Amino acid sequence: MNLYNLTIHQAHQLLKSKEVSSVELTKAVLKRIAEAEEKVRALVTVTEEIALLQAEQADQRIRAGDFTPLTGVPAVIKDNMCTKGIRTTCSSRMLENFVPPYDATVVEWLKDAGLVMVGKGNMDEFAMGSSNEHSAFAITPNPWDLSRVPGGSSGGPAVGVAVGEAIYALGSDTGGSIRQPAGFCNIVGFKPTYGRVSRYGLVAFASSLDQIGPMTKDVADSALVMNFIAGYDPRDSTSVNYPVPDYTKSLIPDLNGLRLGVPKEYFVEGMQEGVEEVMRTAIAKLEELGATVDWEVSLPHTEYALAAYYLIAPSEAMANLARYDGVKYGFSYEGESMWDAMERTRQLGFGPEVKRRIILGTYALSAGYYDAYYLKAQKVRTLIRREFADAFERYDALITPTSPTVPFKIGEKVDDPLQMYLSDVCTLPINIAGIPGLSVPAGFADGLPVGMQILGKPFSEETLLRIGFAYEQQTRWGERRPEI
Amino acid sequence: MKLSREEVKHIALLARLGLSEEEMERFRGQLSNILENFEVLKQVDTSDVPPTAYPISLENVVREDEAAPSFTQSEILANAPRQEEGCFRVRAVLE
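These protein sequence lines are chains A and B, in that order. The first sequence maps to residues 11 to 494 in my numbering. The second sequence maps to residues 155 to 249 in my numbering.
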């Protein structure tokens, strides 16, 4: 087996027993990057020197007996998390040369645990998109079929993990940006409860929806990463001070006593037949593992989630992106006057999807439309939250597909924003409600990966990991790797 | 909801976002289509439903006002497109 295909827990065993050093493992991953990157373009920046330096430090820690399960294990960080001294671009011209003076909290905490960072992951610009086609720098193709998209916005991290350019990655998820690309690339993607992981140093897109989470090769790795990134951070005022369990304790290989529900609204019109088939087989497997399954759950407000989301997220985005004025950092156009400089800076610095969302958000918040659009969407948000809360009175978790289709073709939806938005239809209600969602590999349709999404009430991460783990132990879909 | 060209122009001005003629026309069509689809929200009865701004309940978050090390001037100015005498240089606001 190639070292780059290892999981975190496998790598950790080899590091701990000193069969492999972190420098050897890191070199294997860097070599893999050198050979695969030409095809997949999953990374905006490769941080080879820093990785090797961190690997040497990790080896010293391991020799000294002062290490964690993440020490010396190579990772990719999505390029919207600030890394001190290393450019953080959000895959945007606007931040092409931005070098943060500080680390995001998650990066700081991973460094304490022994991070080896091999690169920064490509993404849709400012995390706005579902296909990675909105990166200003490169289109990352899906490693299972290079003519298709890897999903987005964390497409680079997902592909990086899938092809072995990293042992694990951190992504961010505002409407499905961890889970959808994880599903499309046959890896595990976890969006924790809103407030569970600090957003300090995550470049803001939609502040009431954004959340950082692990993208890994299996569920055990997801639990391991959660152990190091979850927790209260006073620098993020929306961070929740709630005890952090040892997530690896929830990896129990049966589902006895669990009550699961399948909301019928997630088996939507336009859903691909093959995906539905995979899902029915997967859910039957959960029953076999000891869970009781109610196939007839209804969440009637689901159909309004898309509209509510695409009013709330752009409204928050337009406010967050107002800071890019060409004065303090980022791209700056000289211009004829102050206003001209500002307008041209934003025209030349932002790509089409970002502009579209700024306009949509500005419209939804403008005088005369605020009540009809933004406020209405926030009220619908309340109804969606309540509906989930009611369902979780009766069920320990809900099971849905992660996406209604397998990965679509590059170019297929890029000029039709509404069609692109619809590809998030199964994932965005979860951000609206602020609940956790885990996507695990569930099989293949037409030779392409299908993800199963597991949802729970706030702070039920352990239940979701248990379900994902039990399912994975029985099926092992995620062990299949694309040939690149 | 059909957006007019004038409306798109006005919104772009509010957002201080320069747009070419071509962009303005393309966004007008796409956003009209999107907003038309969002009319579906009108079907939802939201009388007596409070809005949700954040998915978790937040009280005012306060902390002690304690002095702590901060960034240096040069660290903060390192990313400045234009600087002068240790300050960000900006265009004249009043002309």
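Since the hints were derived computationally from the structure, they do not count as laboratory data. It cannot be assumed that every hint is accurate.
[What the hints assert, rightly or not] To spell it out: a stretch of chain A is covered by chain B in this simulated footprint if at least three of its residues, at any positions, have a beta carbon under 8 Å from a beta carbon of chain B; those stretches are:
(1) 336-349
(2) 391-404
[Unchecked claim] From the structure, some residues in chain A lie toward chain B, with a derived Cβ separation under 10 Å:
(3) 70
(4) 74
(5) 75
(6) 214
(7) 316
(8) 369
(9) 455
(10) 457
[Unchecked claim] Partner residues aside, some chain B positions facing chain A, computed with beta carbon under 8 Å:
(11) 165
(12) 172
(13) 177
(14) 198
(15) 203
(16) 221
(17) 223
(18) 227
(19) 230
(20) 240
Note that the structure is a prediction, hence the values are computed from the model and not measured. Glycine residues also receive a C-beta, built at the ideal position from the N, C-alpha and C atoms.
How the hints compare with the structure:
no. : hint    : in the structure
1   : 336-349 : holds (count 11)
2   : 391-404 : holds (count 4)
3   : 70      : violated, 27 Å
4   : 74      : violated, 29 Å
5   : 75      : violated, 32 Å
6   : 214     : violated, 14 Å
7   : 316     : holds, 8 Å
8   : 369     : holds, 5 Å
9   : 455     : violated, 27 Å
10  : 457     : violated, 32 Å
11  : 165     : holds, 5 Å
12  : 172     : holds, 3 Å
13  : 177     : holds, 7 Å
14  : 198     : holds, 6 Å
15  : 203     : holds, 5 Å
16  : 221     : violated, 15 Å
17  : 223     : violated, 12 Å
18  : 227     : violated, 11 Å
19  : 230     : holds, 7 Å
20  : 240     : violated, 14 Å
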